[in-house]
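A.B. asks: Each chain is listed here by its residues.
Number of protein chains: 2
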Amino acid sequence: MKVKDIGEQGLLRILQKFCPAEIVGDDCAVVLTNPNQSLAITTDMLVDGVHFSDRTTGPYYAGWRAAAANLSDLAAMGATPLAVTVALAVAPDTAVEWVEEFYRGMTACLQEYHTPIVGGDVVRSPVVTVAITAFGQVERDRTICRSNARSGWAIVATGVHGASRAGLELLLNPEFGQNLTEVDRASLILAHQCPKPRLDVLPVFWEILGCEGEFSIAGMDSSDGLADAIIQICRASGIGAKIDRTKLPIPDIFSEILSTEKALDWALYGGEDFELVLFLPSANAQLLVEKIGNGAAIVGIATDSTDIWLTDSSGIYPDTILKLDRGFQHF
Amino acid sequence: MKVKDIGEQGLLRILQKFCPAEIVGDDCAVVLTNPNQSLAITTDMLVDGVHFSDRTTGPYYAGWRAAAANLSDLAAMGATPLAVTVALAVAPDTAVEWVEEFYRGMTACLQEYHTPIVGGDVVRSPVVTVAITAFGQVERDRTICRSNARSGWAIVATGVHGASRAGLELLLNPEFGQNLTEVDRASLILAHQCPKPRLDVLPVFWEILGCEGEFSIAGMDSSDGLADAIIQICRASGIGAKIDRTKLPIPDIFSEILSTEKALDWALYGGEDFELVLFLPSANAQLLVEKIGNGAAIVGIATDSTDIWLTDSSGIYPDTILKLDRGFQHF
Chain A
1 MKVKDIGEQG LLRILQKFCP AEIVGDDCAV VLTNPNQSLA ITTDMLVDGV
51 HFSDRTTGPY YAGWRAAAAN LSDLAAMGAT PLAVTVALAV APDTAVEWVE
101 EFYRGMTACL QEYHTPIVGG DVVRSPVVTV AITAFGQVER DRTICRSNAR
151 SGWAIVATGV HGASRAGLEL LLNPEFGQNL TEVDRASLIL AHQCPKPRLD
201 VLPVFWEILG CEGEFSIAGM DSSDGLADAI IQICRASGIG AKIDRTKLPI
251 PDIFSEILST EKALDWALYG GEDFELVLFL PSANAQLLVE KIGNGAAIVG
301 IATDSTDIWL TDSSGIYPDT ILKLDRGFQH F
Chain B
1001 MKVKDIGEQG LLRILQKFCP AEIVGDDCAV VLTNPNQSLA ITTDMLVDGV
1051 HFSDRTTGPY YAGWRAAAAN LSDLAAMGAT PLAVTVALAV APDTAVEWVE
1101 EFYRGMTACL QEYHTPIVGG DVVRSPVVTV AITAFGQVER DRTICRSNAR
1151 SGWAIVATGV HGASRAGLEL LLNPEFGQNL TEVDRASLIL AHQCPKPRLD
1201 VLPVFWEILG CEGEFSIAGM DSSDGLADAI IQICRASGIG AKIDRTKLPI
1251 PDIFSEILST EKALDWALYG GEDFELVLFL PSANAQLLVE KIGNGAAIVG
1301 IATDSTDIWL TDSSGIYPDT ILKLDRGFQH F
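Quick mapping for you: the protein sequence lines, in order, are chains A and B. Just so you know, the first sequence maps onto residues 1 to 331 in our numbering. Just so you know, the second sequence maps onto residues 1001 to 1331 in our numbering.
Since the hints were derived computationally from the structure, they do not count as laboratory data. Where a beta carbon is used, it is the ideal one built from N, C-alpha and C, also for glycine. Misleading hints may appear alongside valid ones.
[What the hints assert, rightly or not] Cβ pair distances, simulated, as ranges:
(1) B:V1050 with A:S305: 50 to 56 Å
(2) B:L1190 with A:R104: 42 to 48 Å
(3) B:N1294 with A:P92: 56 to 62 Å
(4) A:T306 with B:D1054: 27 to 33 Å
(5) B:N1294 with A:V50: 41 to 47 Å
(6) B:I1321 with A:Q9: 48 to 54 Å
(7) A:Y317 with B:A1091: 37 to 43 Å
(8) B:S1053 with A:T260: 52 to 58 Å
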């Protein structure tokens, strides 16, 4: 069944099943906000053939990933999700089942974090395009920004990096990693298709940092890669960093299937792991890493100089400057 | 100069000039909300060749219209705008000047209503696509919904309808309306290219309705046409209406350039006038129309029966049922 077979009203009826009935149907969604809170807002646009493709990721996981990316941005600011809106452009020949599967994947992810789709728009376009806007609330004094990092603070990655990139490789080149077990294979593919935004980390911050007068933390998510996140935070804060390549949390299995250089490349530049990269005083960083577990690690230290060095505490490789230019470029 | 000539970073540098520097640059925009307020959220997606076209509307006015449509949705809920986010998809060959003009038009409209662009996304796509999400705040007890209308209330249109459709006709068919003066011509084209969201009407509601215990009003905007708005509100409220065709506010000039039937058709189904359609007790409706002026009119009355009749108080035309099926269909 194609979109043109059911028309705009038919499509809207299907999509409204994914939204709370008491909110949709007016010119705007209306969400009650709590006092003394700020509103955090993030938008992502996804284009068929550019950001998702049936070749690697069916509609269900494309929807999951779209939701996860936005929730990850909220997590990166320390914000708890309130709701999302979804604008959808489809062609008359788009299969209705594709749209339903996309919304199923999106709401599956959103429901894990108690986040409703409160509104949106549906339009016609030759290219399937989805724009998601997510909003969350964050206490004014607990907002996590990129520009707050200070020299001397430790740099934390909340989980392994490179797994999503390896999962993508398995989907693109099935001959890759043929000596992997089914379980390892599936877990890397799942890391790519079904990433988990790290909203679970927020209560851990609040527990560790809650008693302090000042909320000493800076950070962002690693959606565009671990190297990108470190560089962006350093730039925004006017500092530098020393990253220790031996401390980067990579999947254990990488040592069996990848050269050291390739493993490092995917960990730093692979992207889409949707972990958080956080700068905070080292005692708190240590506590945070212990409480999160699951691959969370201190990967380096912030410095006064604005250079960002990739160092090697094992002494094998020379120090090199960490560059941004390996990240994803849109044009 | 094409987008591919300046790359993603170059494009972002240009677009950030349209945003407040202290807000953009993190994973989310953060906006402080006031206590005891609800958040109203609306999203529109616009696709090149579907929703705008250089044939009728250059990028400046395409941007203005996109902003106006979203602010109009906020006005329709009684919400005061806080901020918008803009997701933009462009092709590598899109002219940078097109993008800048679009943002110039968008911010010109937004600035009239003190609304900043606080964030967004920029991606690649074969088809230029823009998704705008607007946020406003509204006191919980002053939210204007479609479903609150009651039988016996008067139906108000806040201004003339059909002007935008006539302006579009002038752009599509320059030979149309050749006996128009330059001033009339320009004013109809401006109605199409440069519509004003009726946020100015909100303080008038509050003045009229402020002293009452209950906020007795229902409404929406007429972006999809006056007939559509009346029908949507009646459906949502489980009531009907009698609309008087002699009371519909149409541009004076229509009598010189259009048949009575064509003028009625454009007034009811033309769309994109971005006025408000409001149902409220008739004494308040009378006050509202007097205070707004500029073509605002009581066009009919809400009834118990769920039928929606187009009547003629001059007695020339027979009563007919008002239908939705002339409105814009996306597929």
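A.B. asks: Taking the hints in turn, state whether each one holds.
C.D. replies: To see whether the hints hold, each was checked on the structure:
In this structure, V1050 (chain B) and S305 (chain A) meet the distance hint of 50 to 56 Å, their C-beta atoms being roughly 51 Å apart. In this structure the supplied range 42 to 48 Å holds for L1190 (chain B) paired with R104 (chain A), their Cβ-Cβ distance being about 45 Å. Between N1294 (chain B) and P92 (chain A) the Cβ separation comes to about 40 Å, which falls outside the hinted range of 56 to 62 Å. Against the hinted window of 27 to 33 Å, the Cβ-Cβ separation of T306 (chain A) and D1054 (chain B) comes to about 44 Å, which falls outside the hint.
Roughly 46 Å separates the CB atoms of N1294 (chain B) and V50 (chain A), a value that falls within the hinted 41 to 47 Å. In this structure the supplied range 48 to 54 Å is violated for I1321 (chain B) paired with Q9 (chain A), their Cβ-Cβ distance being about 19 Å. Evaluation of the 37 to 43 Å hint for Y317 (chain A) and A1091 (chain B) yields a pass: the beta carbon distance comes to about 41 Å. Evaluation of the 52 to 58 Å hint for S1053 (chain B) and T260 (chain A) yields a pass: the beta carbon distance comes to about 54 Å.
Violated hints, in rising order: 3, 4 and 6; the structure is consistent with all others.
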